[in-house]
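Take a look at the letters that make up each chain.
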Amino acid sequence: MRIKFNNNYIKDLASILFFPIVFSLVYNFIVYKDFNFLARAKEKSVHTTQSEFKEVTIEEAQNYFSQAILIDARSEENYLQGHIPNSINIPTKNFDNYLDKVFELPQDSLLIIYCEGIHCNLSHLLAEKLKTFGFKNIWIMYEGIEGWKQKNLPIEK
Amino acid sequence: MKLKLKTYSLEFIRLVLAFLFILASIEKLKNPFAFALSIDAYRIFPEFFVNMSVLIIPWLELFVGFGLLFNYKLRLNLFVYLFLMVTFTLLVVFAVIKGLDIECGCFGESSSKVGLKKIFENLLIILVNVILIRNFSVLKKNEISERE
Chain A
28 MRIKFNNNYI
38 KDLASILFFP
48 IVFSLVYNFI
58 VYKDFNFLAR
68 AKEKSVHTTQ
78 SEFKEVTIEE
88 AQNYFSQAIL
98 IDARSEENYL
108 QGHIPNSINI
118 PTKNFDNYLD
128 KVFELPQDSL
138 LIIYCEGIHC
148 NLSHLLAEKL
158 KTFGFKNIWI
168 MYEGIEGWKQ
178 KNLPIEK
Chain B
222 MKLKLKTYSL
232 EFIRLVLAFL
242 FILASIEKLK
252 NPFAFALSID
262 AYRIFPEFFV
272 NMSVLIIPWL
282 ELFVGFGLLF
292 NYKLRLNLFV
302 YLFLMVTFTL
312 LVVFAVIKGL
322 DIECGCFGES
332 SSKVGLKKIF
342 ENLLIILVNV
352 ILIRNFSVLK
362 KNEISERE
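Residue numbers (my numbering), protein chains in the order written: chain A, 28 to 184; chain B, 222 to 369.
Honestly, the hints are just simulated from the structure, not real lab data.
Please note that the accuracy of each hint is not assured.
[Unchecked claim] No more than 27 Å apart at the CA atoms, straight line, and that leaves these computed lysine-lysine pairs for DSSO-like:
(1) B:Lys319 to A:Lys120
(2) B:Lys227 to B:Lys361
(3) B:Lys334 to B:Lys251
(4) A:Lys128 to A:Lys163
(5) A:Lys163 to A:Lys120
(6) A:Lys184 to B:Lys319
(7) A:Lys178 to B:Lys319
(8) B:Lys251 to A:Lys69
(9) B:Lys334 to A:Lys156
(10) B:Lys361 to A:Lys38
(11) A:Lys69 to B:Lys227
(12) A:Lys120 to B:Lys334
(13) A:Lys69 to B:Lys319
(14) A:Lys69 to A:Lys176
(15) A:Lys120 to A:Lys158
(16) A:Lys176 to B:Lys319
This structure is a prediction, so every number in the text was calculated from the model and none was measured.
Produce the complete structure using the sequences and hints provided.
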């Protein structure tokens, strides 16, 4: 009796799971052909971001580190937990309290901004704000600190 | 009269929960890539798992939502609903503890940020869900069931 109950329960569960799974497989196969959503999403987010700022990889950015100012757009807390050496912290969310730092930046210098990784938009928001202060050379290192860590590059605390 | 009020409110909650899941699933289905990125942003899942979630979760939500809407195998659908909600909530709690500044991905692109607010929202949904499960007998008489 008990076994029968369990069987029914499993059968019911299977019937509830069966249709979503079949539908999802069929639908996604027809619409998207393959299931590498994440890989394609990353590719997309890098190539189709409608950004007026130049987006550079870590390697590209590194070539300009000597002449650029590296800005960490994350919060103070995250910055203190670990940041790219020689970067300065201007938290996007606390921008107004960092105005003195902004005024210290030379107007014509190249600014390279990064935040967490490809998911975060703090860099873009900061870039927008800095643009209103007259900075023209703003790049975004879109791989962020996450990409930096993945490449085993040094972190400063 | 009192019983009627109880029945109506339970039925109302059932419909609200149903629409919530249906809405959430449609938002996710509209842009699976955004959904993939938001799951990946939790940074605990391997790529394969992210892809599988993108594949299955929206459809599961949609079917469970319709199950609730049409009162089909209600009890089981409610349990699946509960399971999904608890999983999502644990993820959000995890993200908050880890201090991640991300969107929850709950409603595809139009999601809100993870945070205490989100946790409370989810807990409320879970609470309501548990109330439905506990008062299942009230809803049961209208249920469509194959075996009965």
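Report task. Determine which of the earlier numbered hints do not hold for this structure and return their numbers in increasing order. Result -> 11
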